[in-house]
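S.K.: Top to bottom, those sequences are chains A and B. Quick note on numbering: the first sequence equals residues 1 to 471 in the numbering used here. Quick note on numbering: the second sequence equals residues 1 to 479 in the numbering used here.
Because the hints were derived from the structure by calculation, they are not lab data. All C-beta atoms, glycine included, are put in the ideal place defined by N, C-alpha and C. Honestly, I wouldn't trust all of these hints.
Now the in silico label distances, taken between C-beta atoms and shown as ranges [to be verified]:
hint: 1; chain 1: B; residue 1: P33; chain 2: A; residue 2: V55; range: 36 to 46 Å
hint: 2; chain 1: B; residue 1: R408; chain 2: A; residue 2: R211; range: 54 to 64 Å
hint: 3; chain 1: B; residue 1: V321; chain 2: A; residue 2: V55; range: 44 to 54 Å
hint: 4; chain 1: B; residue 1: P33; chain 2: A; residue 2: R122; range: 51 to 61 Å
hint: 5; chain 1: B; residue 1: A219; chain 2: A; residue 2: V55; range: 17 to 27 Å
hint: 6; chain 1: B; residue 1: T62; chain 2: A; residue 2: F126; range: 45 to 55 Å
hint: 7; chain 1: A; residue 1: E120; chain 2: B; residue 2: L335; range: 17 to 27 Å
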Amino acid sequence: MARDDALDQITAQVHGAGGKSRDVPRDRGGQALAELRGRRYINKDKDTQFSDAWVFVSVLLTGFGMALDSRFLLAGALALLVIAAVGWLWNELSLFGLHYERRLSETRAFLGETVELTLEVRNRKFLPITWLQAVDIIPAVLPMDQAQARVNQTTHLGEFTSFWSLGAFQRVTRRFTVRCTERGYHAYGPVRMTTGDGFGMFSRTGALPLRQRLIVYPRLYAVAELRLPAKNPFGERLARETLFEDPLRTAGIREWQPADGLKRVHWKATARHHQMLSRLYEPSEEPQVLIFLNVATLTRHWLGNIPELLERAVSVAGSLAALAAELRLPVGLIANGFLPESDQPLRLLPGRSPDQLVRILELLAAITSFATRPIEELLITEAPRLPWGATLLVVTAIAHDELLATLVDLARAGRKVVLFTLAEKPPQELMPGITIYHLPHLVADLIVPELIQTADRERNAQSPIYRQGVA
Amino acid sequence: MLLTNRRVSLVFFCLAGMEVAWFTPFWLLVYRPARASVGWAYLLLLAALVAWTLVLELLSRTDLELGRYHLTALGLMAFTSLVLLGVALFWNHPSGDMRWLGPAFNALFVPQSGLPPALALVGGNLFLWQRATVATSRDVTFFGVGVNFRLGLLLLVVGGGIFSYVSGQNLTWLLWIYFTLGLLAVAIARIHEKAGDSQSAGTPLSGRRLGGLLVAVAATVGGVALLSGGYTAQAIWRALSITAPVWRLLRIVLVRVLIALEWLLEPILEWLLAWLQRIFAAGWIELAPQSPIVGAEEAQQMLTQENPSRFLELLRQAGIVLAIGAGVVLGVAILLLYLDKTRRRTVREQAEEAEAEAVTFGSGILGRGAQALRDMAGLVRRFGVSRQLLAAVSVQNIYANLCRLARRRGYGRRPAQPPDDYLPTLARAFSGQEEALARITAAYMRVHYGERPVTFAELAQLRADYHQVRRAERSESAE
């Protein structure tokens with residue numbers, strides 16, 4: 001009895017797989033017969049109609065036609081053979097001269113912008129392609145105005161299936177508008193193309209390693225939105241300290257002063273300008289800004305994460321980087337995440353390059369909610385390697401005790417530390433030597449109204465409750 | 001559904017044409033009057049099927065209740081059948097004169113030899129109505145259309161073959177129509193299905209694409225039609241006659257093989273025959289009395305009494321055939337086992353990963369020889385061709401032998417490991433011989449890396465050290 005149930009379960013599973021099921025007999029007699037037939041169940045998903053029987057019937061008809069001298073049967077046999085042969089040849093040539101191209105109007109965009117996606121298929125041969133199905137891997141999280149990708153439940157990748165029909169030497173182009181609604185490194189490709197002969201006899205599949213990437217930067221807040229002070233937003237200790245100069249780095253020239261030594265004279269400039277000029281050195285302790293971003297949104301990693309909160313923290317980090325670049329301060333980024341498709345940490349040291357902000361935004365676009373290590377550990381590891389002039393901007397959605405203690409230690413050690421917290425409540429105790437910005441207004445829409453007290457019982461909330469699923 | 005989509009309408013039309021194509025030969029077998037013009041019969045049947053399908057489609061679009069819908073459909077079937085009878089069999093009656101209905105009913109139900117034409121007409125009409133009823137709810141998936149195509153093709157081949165054989169008419173043109181419509185229907189169904197499964201389909205079957213498809217189908221079927229002129233029984237026999245020598249050779253080989261088998265099996269068969277003779281002679285087997293059969297008595301006498309050798313000969317022949325059969329079965333079984341084994345081995349081989357290996361000759365013997373020559377050249381360059389060279393070579397040989405002995409004891413020297421680094425390992429390999437080992441190592445380093453030759457006294461000492469190590473090693477091995 002139990003064995004019968006198991007058989008039924010297996011049969012039901014086979015029936016349920018993939019929507020279009022195979023006709024597997026449910027009764028034991030039917031199963032035994034199917035076994036005797038070599039397990040050849042009817043496969044309704046088969047998209048070709050050629051089988052060995054095609055040749056067998058053709059030979060059989062030829063035999064009967066010869067025996068009966070029947071032109072009708074011989075013609076039928078020949079038709080079966082020739083049509084199968086033509087279909088096979090057509091199928092073999094179907095992928096030849098077939099070109100698939102995917103173009104994005106922009107490879108980088110800000111949140112909320114739109115990008116045009118162009119799909120183009122070319123058939124560069126005389127033989128027409130009556131049908132072509134291209135399954136392109138595209139990000140399912142970015143909606144398209146004209147169509148929408150499906151999420152493959154096995155691979156969890158977005159698949160966009162397109163159908164094409166092309167004549168000889170024809171090019172077909174379709175355009176779609178992609179709305180960049182989610183930050184990230186969005187991968188496109190590869191594409192898998194299936195085509196075949198026009199008679200439905202055979203089919204062929206080819207894979208094209210056509211990979212592209214669309215980087216969607218995070219949303220940037222204006223200074224007014226961040227509500228930072230207009231003057232010295234990163235604290236007062238950022239004033240240039242030119243007590244020590246670095247003679248290896250010449251920042252410019254100035255007029256010679258009597259106190260200048262001969263080594264300081266810029267002789268070439270002096271000769272060119274016909275006046276004594278001295279070198280102007282860069283300070284050895286340069287003001288720098290290094291943003292530490294905490295990608296964790298809950299105190300323990302196994303508690304999960306709050307994606308919306310992470311987005312806000314990333315946006316704050318990006319906004320601070322933009323602000324620092326606007327103030328012409330060398331800015332860098334370190335986060336307890338990792339680069340996409342690699343195990344390398346997110347670490348970009350401060351720099352003055354014009355592309356520095358773009359690099360930081362690209363790194364911020366790549367950040368995922370997976371934290372490689374606690375932010376306090378990262379601070380302790382990285383702080384000794386950083387120059388003393390660096391100001392550490394710590395951006396976090398949570399301000400837990402371990403982090404606060406680490407920041408206090410760094411401040412005591414002489415580090416300039418600024419904390420930007422999105423937590424519901426600011427640190428309860430004073431933290432000497434640390435500038436703290438509490439930015440609850442940036443996450444106000446995410447916080448669910450908290451029930452403090454009811455008529456019959458009292459409840460004290462220990463942690464903020466964020467509203468899930470709010471963009 | 002039939003009229004909503006151009007592609008679907010086309011598939012329905014093709015399916016109708018295919019069904020009429022395979023139905024026509026069967027219908028012509030029972031309705032002889034239409035055999036005179038098979039083409040017209042096909043066209044009329046097709047027109048009727050398309051018309052009935054359209055009527056039912058339009059009827060289903062009305063707001064009729066299901067019961068009334070069925071009654072209307074049945075009424076239409078009866079009405080069209082009567083009209084068909086009147087037009088086909090009672091066409092000479094004046095219009096408005098309905099007296100032909102009586103004879104028509106009689107023609108349907110009065111028994112006569114063969115199938116009455118009236119019954120064939122009404123049956124054909126009802127069959128068309130049945131197909132029209134099914135068509136309105138038909139699924140036009142690729143699978144469904146493909147099954148229809150293949151099943152219809154088999155029916156057409158059977159029906160057409162029988163009809164051609166019976167009537168002597170050539171129905172090949174029906175094949176071409178069937179293939180044209182069938183391939184078109186399958187192609188459109190496939191396009192329809194693939195386009196339906198896609199999120200972006202564009203214009204799945206534009207007029208231009210449909211034209212291209214029609215050209216491809218027409219070119220293929222037309223090509224087959226042209227080729228079929230040469231694909232006759234005579235042509236095939238002529239082609240096969242080219243291979244006649246091969247068949248003759250095979251026949252000779254087969255006969256020789258059979259003779260060889262017979263020769264091999266003859267002793268066994270003779271023993272078997274002798275055993276059977278003993279059984280029959282002993283009278284262990286008694287046959288039940290049989291009723292007399294005409295002529296059986298003579299045959300029995302001929303086989304058992306008058307001509308016993310003939311019976312034995314038959315038994316012998318049967319034994320040979322059985323033995324050959326058993327041999328063939330055994331051979332086939334061995335072949336299948338071999339194929340299965342090969343297939344499994346192939347599967348295992350597919351799981352392997354092959355990587356390119358550096359091409360060497362004799363495990364790098366050439367490289368090692370070249371290295372030895374280079375070392376020798378270096379020694380000659382440093383010490384010249386003199387007795388010091390011989391001393392240096394001797395030191396190198398001593399050290400090489402020492403390393404070999406150590407390797408044998410499990411303390412091998414790593415590639416490119418410096419001798420002084422290897423010395424502690426040597427000391428562990430030959431415990432208690434540290435001084436001797438240190439001297440040999442130091443001398444080897446002097447000779448190999450420096451240009452300081454060893455004196456003969458030093459060489460004698462080194463030889464003594466080496467023999468001492470060897471003796472110690474042998475004694476330890478003996479213990």
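S.K.: Does each hint fit the structure? Answer for all of them.
M.R.: Hint check results:
no.	hint	in the structure
1	P33/B to V55/A: 36 to 46 Å	40 Å, holds
2	R408/B to R211/A: 54 to 64 Å	56 Å, holds
3	V321/B to V55/A: 44 to 54 Å	32 Å, violated
4	P33/B to R122/A: 51 to 61 Å	57 Å, holds
5	A219/B to V55/A: 17 to 27 Å	23 Å, holds
6	T62/B to F126/A: 45 to 55 Å	49 Å, holds
7	E120/A to L335/B: 17 to 27 Å	53 Å, violated
Consistency with the previously given hints fails for numbers 3 and 7, ordered from lowest to highest.
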